[in-house]
Amino acid sequence: MTAPAKAKAAPLAELKGDLAVLKEKFGDAVQPAEYEGVVIANGVLVEAARFIRDELGYQYLSSLTAVDYIQEGYFEVVYHAYRLEGGGPLVFKARTPRGVATIPSLVSVWPGADFQEREAWDLMGIRFAGHPNLKRILLWEGFHGHPLRKDWKEPYYEEEHKPFSSRWPSGHHIRAEDRVFWHDNVQYPLDWDPDQAEDTSDEWLYIGMGQFARAETGERVEPKSLRTERLVVNMGPQHPSTHGVFRMVVTLDGETIVRLEPVMGYLHRNHEKIGERNMYLQNMPYTDRLDYICSMSNNLGYAIAVEKLLGIKPPERAEYLRVIMAEFTRIVNHLWAIGFLLNDLGAFFTPALYAIEERELILDLFEEAAGSRMMCNYMRFGGVAYDVSDDWIARAKELVYNRLPRAIEELDRYLTHNELIQSRCQGVGVLPPDLAVAYSTAGPVLRASGIPYDVRRAEPYSIYDRFDFDVAVRYNGDVYDRYLIRIDEMWQSLRILRQALEQIPRGEIQAGKKQYMMRVPAGQAYGRVENPKGELGFYLVSDGSPNPYRYHIRAPSFINLTALNEMCKGHKVADVVVILGSIDIVLGEVDR
Amino acid sequence: MIYGIGILKGLGVTLKHFIESYIEDVRYLFEGGRYQPRHLPARQGPRARGIFTVQYPKEKLPLPENFRYIPFLVYDTQENKIKCTSCGICAKVCPPQCIWIVRGTDPSTGRPRPEPEAFYIDATICMSCGFCAEFCPFDAIKMDHDYELSSYERYESLLFDLPRLLKPDTYHAQIHPSDWARELAEKEAEKAKKREKAAARA
Ligand code: SF4
Ligand code: SF4
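The listed protein sequences derive, respectively, from chains A and B.
Taking my numbering, the leading residue of the first sequence gets 1, the next gets one more, and so forth.
Taking my numbering, the leading residue of the second sequence gets 1, the next gets one more, and so forth.
Okay, chain B solo, but in the shape it has when bound:
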């Protein structure tokens, strides 16, 4: 065998890769331009040929619903209240123990009140595991999709307090549509049960 055939074959592969990305470019040119946002997933998908670069931060790939970053607290816009009851489960399950909760107390009675007085998540420590959202029994804490957290300072701006953590449930519904649908269905089912019970009693 002639020495060098293997190298030449390899170079052929490189050439093929090189040409393929241009062929794709031309194809998408006819479908309305190279950088159509609707084409981004396809051009990075399993059927794509050639290497295609998404021009981050100008362009971003859509995120799957399950994507998890730092958690946020859900604010119930219908009933105008924080959904969290400060039960403390998320603080217990959090592996790096970066959730700090002050349980609310009723000033008149001194009894615990189902709303947090203070809620901190130390985003410098959070490992984005998602356990808090997974084990919260009240659907009060969810994983955010906002991954652009860079700041000029490492401490204060990355210690998230209650105002920073709260986001409306409309935002939750928008980034987690199927999770939201499940929540609504569960609520409906509960209501129906209550109605049934009431009817049975009457």
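Pulled out of the complex, with its shape left as it was, chain A reads as follows:
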């Protein structure tokens, strides 16, 4: 691998505004970082975070991730915090030498850091001192190594970066499986025997929950408090309500939930490592597979992040097409979410099928424009892949003006006042606004709790600042409001679509020449969009080569799950299914 040349030449961030205040307060413990933000010394990190949250008003921790600067010999944890009134991020970083790999945990400041720190521990091997429950989250206990470290190699490892030289000009086909499985491609300790490898995740899980442990030895770890008989129920990974392979370990007191712990990673494929092997463009179709209901908006988020690094802007028509696709995607997603929420409530498939009926028509449009119904792969850096015809626009208008309003109105009539739905949903799974912010929830979950935070308004991207629409907000924070807000948001999406379809100009759809291999200037960028499920962020670090040095995804489904325990506590076990349905997760994105 070539050394990231950036280390020497990288410009230091200017300390203006809030960063200057931070510097003034903490003195030498705060230093400007490369490209953006500040580096805060580990000793004052927690104190500084509290200052950032309470005094500077950056209450919302959007993203937390780690980067392995192997050449320089340290790990860097990057935090992006936002104000709820909108505006740009406050970026701060913490560093630790690779040999030490310990950083103070910020869970005490932002409980929303919980899963994200566990992810950083799991994949990058950074210990977060003071984290209440630091165990692996996507991989299993007993897995050897931390895969996102730059010196870790996956089993079918071929080369550091694509394109692989074995494919051309003398590309004799070799199937990955035919390469020797335990060849020196794989690094494992000499004394390690695969037969002895043991998955101890469950023990750790139950110990963490204060439950019995160590099945083989029978040794019990007694909870300290008064002993009552509590029951542990495993829901999933194969459970019809979990929308995929997702497991919830629920501790019950009678029928009441005392504690719920999500267990995930069954669909984990180390998307981020694949992404760092890929060239920038090659990641585009991979983003389709994150939240596979919303591939168009995933594309948009990634395109925006890379365009930030490249410093280019797509032409007008492409911007409009992007917005049209993204808003259609929102409608698709919310129809799907509502349909399957009703499934979870026991209204088996009739509402879901009514919802999907409309979705099919939108997917027809996607198929015609992009070539695929779900894996759209439609956006390119500085534009979109294909233009649409006038006939396409006409049909989209037909949907937006006639069909979809009728369908949404019908769905509303069908479900909203249904007494059974009301009695199952109202007052269930309440997430108060302060907790919704503290847990870094995003999207409909956050807005149903009374926080009108929408990236399209808070930090407008693409051309959203031109459209007239309201940020939907509901105040009860229960399952019913999370259902209603999706209906509200569909109406707003229709408003945006009407404006966009009327105003769309003719012209180019791609800025400059489309390239498959381009050099992206060295730098760091965090691009975020308001995906139907919440804020989707891409954190990219470029070292100037054709492949991203770091490619991280802030997945809304994943982070929204941090609050699941909080929402379920005290409810009956039957409500778990409904509460999970109201968060609306897609496991492709949770597990990545």
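Check before you lean on any hint, since a few could be wrong.
[To be verified] Residues of chain A placed beyond 12 Å of chain B at every Cβ, according to the derived structure:
| no. | residue |
| --- | --- |
| 1 | TYR35 |
| 2 | PRO89 |
| 3 | TRP152 |
| 4 | ARG167 |
| 5 | ASP193 |
| 6 | TYR386 |
| 7 | PHE467 |
| 8 | ALA525 |
[Claimed, not checked] In silico lysine to aspartate or glutamate, EDC-like type, Cα no more than 20 Å apart, as pairs:
| no. | chain 1 | residue 1 | chain 2 | residue 2 |
| --- | --- | --- | --- | --- |
| 9 | B | LYS60 | A | GLU368 |
| 10 | A | LYS513 | B | ASP169 |
| 11 | A | LYS514 | B | ASP146 |
| 12 | A | LYS135 | A | ASP199 |
| 13 | B | LYS60 | A | GLU159 |
| 14 | A | LYS273 | A | GLU367 |
| 15 | B | LYS16 | A | GLU367 |
| 16 | B | LYS187 | B | ASP169 |
Worth flagging that the hints you see were computed from the coordinates, not collected in a lab.
It should be emphasised that the depicted structure is a prediction, and the values quoted were computed from it without experimental measurement.
Where a beta carbon is used, it is the ideal one built from N, C-alpha and C, also for glycine.
Model the placement of chain B with the ligands on the given structure of chain A, informed by the hints.
Chain B with the ligands alone, transformed into the frame defined by chain A:
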């Protein structure tokens, strides 16, 4: 308010859906039968009412031109040659790296020759992204519309080699009419340019 009104209203919606599909059936009965192939798109289109099921595999909906599945290589029937020059761009851009190309060499000189000696696409890995077709500078690889690839065996039958991948350009013209028209127009333009140049030289 009386408890249950909401439920009754909801049931009304279900009833409406139920009846609507039959009303449509009757309407299309008068237009020449329920299952006329020409009606399929309309009955699944934005103006349709009620749920209508296409009886796959007996019936199939027409595919849009842009539809992409596994790629195929275009065989130029006019000049009787494979269009691919084995330049390797598609193998480089392919995200899962499932294209394998052996560049052709001239046996007499040992120099590279613009035709692939072997060309593999591992269809088990291909993610149908369409980049190969998008970035091929010679219009030599296109995305197929044939999506029925199921087989009894996972390996050999899904590793597509050159003979399996080659399809005549007439097939390409048939499934991608507007793309084909663009290609022809570009060819014409090039010819015209050449003629102009020749004329200018003369
Ligand atoms: S198919 Fe096209 S891109 Fe691929 S090697 Fe042949 S000419 Fe090059
Ligand atoms: S469609 Fe995509 S994945 Fe398939 S061969 Fe072409 S570039 Fe590769």
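Hints, verified against the model:
no.: 1; hint: TYR35; verdict: 27 Å, holds
no.: 2; hint: PRO89; verdict: 30 Å, holds
no.: 3; hint: TRP152; verdict: 20 Å, holds
no.: 4; hint: ARG167; verdict: 4 Å, violated
no.: 5; hint: ASP193; verdict: 30 Å, holds
no.: 6; hint: TYR386; verdict: 6 Å, violated
no.: 7; hint: PHE467; verdict: 23 Å, holds
no.: 8; hint: ALA525; verdict: 21 Å, holds
no.: 9; hint: B:LYS60 / A:GLU368; verdict: 16 Å, holds
no.: 10; hint: A:LYS513 / B:ASP169; verdict: 27 Å, violated
no.: 11; hint: A:LYS514 / B:ASP146; verdict: 28 Å, violated
no.: 12; hint: A:LYS135 / A:ASP199; verdict: 13 Å, holds
no.: 13; hint: B:LYS60 / A:GLU159; verdict: 43 Å, violated
no.: 14; hint: A:LYS273 / A:GLU367; verdict: 29 Å, violated
no.: 15; hint: B:LYS16 / A:GLU367; verdict: 29 Å, violated
no.: 16; hint: B:LYS187 / B:ASP169; verdict: 14 Å, holds
The structure shown violates the earlier hints numbered 4, 6, 10, 11, 13, 14 and 15.
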